[in-house]
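> Got chain A; can you put chain B on it based on the hints?
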Amino acid sequence: MNSLKELYAYREMIFSLVRKDLRTRYKGSVLGFLWTFVNPLLQLIVNSVVFSVIMRVQMDKYYIYMFVGLLPWIFFCNCLQAGTTSVVSGQDLIKKIYFPRLVLPIATVSAAFMNMLFSMVVMFGALYVSGKGITDQIIYLPLLLLLLYSLGLGLTFVFSACNVYLRDLEHILGIITMSMFYVTPILYPISMVPERLLKVLYVNPMTPMVLAFQDVLYYQRAPHLDTLVIVIAYAAIALVAGYFIFQRLQRNFVEEL
Amino acid sequence: MKPNLSQEEYIIEINHVSKDFTIYYDKSYTLKERLLFWQRNRSEVRHVLKDISIKVKKGECLGLIGQNGAGKSTMLKLLSKIMYPNSGEIVTRGRVACLIELGAGFHPDMSGRENVYTNASIFGLTKKEIDKRINDIIEFSELEEFIDNPVRTYSSGMYMRLAFSVAINVDADILLIDEILAVGDAAFQAKCFNKMKEIKASGVTIVLVSHSLGQIEQICDRSIWFKDGAIEREGSPFDVHPYYMEYMGNKISGTHENKQNDADHADKESRWGSREVEITKVELSDAAGEPKGVFKTGAPMTISIHYTNPGHITEAVFGFSIFRVDEIRCYGANTHIDRFGNGKIPLRPQGVVTCIIDHNNLVAGEYWLDTEINREDDFHYDFWKKCLKFRMYSDIGDAGIARLDHKWEIL
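Residue numbers (the numbering used here), protein chains in the order written: chain A, 1 to 257; chain B, 1 to 411.
With the rest of the complex left out, here is chain A (with noise of 0.2 Å):
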């Protein structure tokens, strides 16, 4: 309890390191602080292109169906990307000054969460020029970005935290995330799933996932039950686990670094 209250108390250098993040990833750039519009936009566009006009995909409005499911994608590998190397490549920090350590995988996942939210905004226009519009449904998705937000965390806690002892998971890694993405069904419908490897989907945490994303904001209906509880499940095991393994693990980082 006490090292929480610690973490409220040190909540502006969560921002504050957020705000660098954000403020500093493009700096120098002519485009500057709009490149985090750009981007996702620019992505929008060579989807639609690819997939819509050349590969002609049949589904009604594809773009918008993987654009949907590939922006909490995006946060997720951010996570076990930047996240996963936080407490490393803050070592200066970490060796030589006290702070809560958990604010470190903290400050990236919600510099990552706000890029997607940033991304957001575009998917909105996107959904608006394209006729799909937005729903009542959307009640549902402050709900799923918290359960996507605490995922993320989580796994963050515990692969950034097991990162200082074992380097090589950031590697490691890389090649899962990019398997995943393939059994995730983010380019294409999960009733396309064969009954069989249905299960092995649902083990993929990102699954239930994406599929409650597609369900508020293409489908645009609520998300299934069973869904929401497997989502809910997942996210709250990932924090609270995560937290416990980091807080055991980071007593010896400053040895370990």
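If you're looking for bench data, these hints aren't it; they were derived computationally from the structure. Here the structure is a predicted model, which means the values were calculated and not measured. Each hint should be verified, as a subset may be incorrect.
[Claimed, not checked] Straight-line distance between alpha carbons at most 27 Å, and here's what the computed DSSO-like set of lysine-lysine pairs gives:
hint, chain 1, residue 1, chain 2, residue 2
1, A, LYS27, B, LYS127
2, B, LYS128, A, LYS5
3, B, LYS132, A, LYS96
4, B, LYS58, A, LYS96
5, B, LYS227, A, LYS96
6, B, LYS197, A, LYS96
7, B, LYS50, A, LYS96
8, B, LYS128, A, LYS96
9, B, LYS81, A, LYS95
10, B, LYS55, A, LYS96
Using the frame of chain A, we list chain B on its own:
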């Protein structure tokens, strides 16, 4: 937020704390290396701190001294919770600010003002608290004109000034400082030092690691000497420092003993002469005749010059000079100048000539001793420059080269 402490309660309690470091000879970080070379993972456990117990009262200022590697900085890191002890417990009450690293988290592309916010937030300040302090911080740093420029345009001195200003304005209950008072130019250093005194006067507890004994004597109430991970001695700085300097001095003279035994290999540049009469050994000793490398200002010091005279020269002039480490000659004399005997010493095949300084009034610092054996016309038989280094210490902080006997009177 400040804890309510009665005067008797301790703000820092260190109870039987030990810290070991595992030193890997060949540390492997990656999976491949771990699998392939698992048997190669030899390591050694080094006991950096051994069963340390210290209690510090609120408002007290504690100085930690000791050689490099004695465990002072590790102690500071344990206090700041950067590291955790292997056994024992550390209790600190109140906000701890650690000035081990200045400018933590500074980003070169962001303005000075933005960096103040980032840096201060790392000390655990909230936005409101920083807003309240920002003017003090900028004023103290004397960077008003530049505060909105990116930090990369700052000189390194400006950078450190800004960083120090943040650190010192955190308003901690406990301030931990590691060798960082060497910031900026002399004027700013003096300012920092005065600020430290001010902070101390306001009731903040300070733990200071420094190699500058003078600094500790000026500001600390208590000094703790760490030696090989244990407390060698503790008490008032004026009580502890003489022992510490004596120990360090013995180490210095110990290393020079070797050089003396090795007279033939002495550096050509620092020794010259015909060697018809040769200095074999030079020794400093105290009133009791005990060889020493450290002397207290005002106490007696004896210089003994051992010589051999294989060529049966009948007489020679013996002399010495004392230089401060910055090459300022403090004093020099010889038997001729002093008109000792008839100015010349009758020589035997081998012997010792001593010069007793009843009151060695040199002030605290490090000094070199030159010794020489000359003919009457200043022809050098043996001139040994920098043959010994010794150190002076003082229980008061008088300055200059040598202490002049004086007294004050009120008329």
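> Give a verdict on every hint.
Hints versus structure:
This hinted pair checks out: LYS27/A and LYS127/B have alpha carbons roughly 24 Å apart, not beyond 27 Å. Taking the CA atoms of LYS128/B and LYS5/A, the gap is near 18 Å; set against the 27 Å cutoff, the hint holds. Proximity of LYS132/B to LYS96/A is assessed by CA-CA distance (about 26 Å); at most 27 Å being required, the pair is judged to hold. Proximity of LYS58/B to LYS96/A is assessed by CA-CA distance (about 25 Å); at most 27 Å being required, the pair is judged to hold.
In summary, the hint linking LYS227/B to LYS96/A is supported, as the alpha carbons are separated by about 23 Å, within the 27 Å threshold. Straight-line distance between C-alpha atoms of LYS197/B and LYS96/A comes to about 24 Å, which keeps the hinted pair within the 27 Å bound. As the CA atoms of LYS50/B and LYS96/A are separated by approximately 22 Å, the hinted pair is consistent with the 27 Å bound. With a C-alpha separation of about 25 Å, the suggested pairing of LYS128/B with LYS96/A holds against the 27 Å cut-off.
Using a Cα cut-off of 27 Å, the hinted pair LYS81/B and LYS95/A holds, with the two alpha carbons roughly 10 Å apart. The suggested pairing of LYS55/B with LYS96/A holds, with an alpha-carbon distance near 24 Å, which does not exceed 27 Å.
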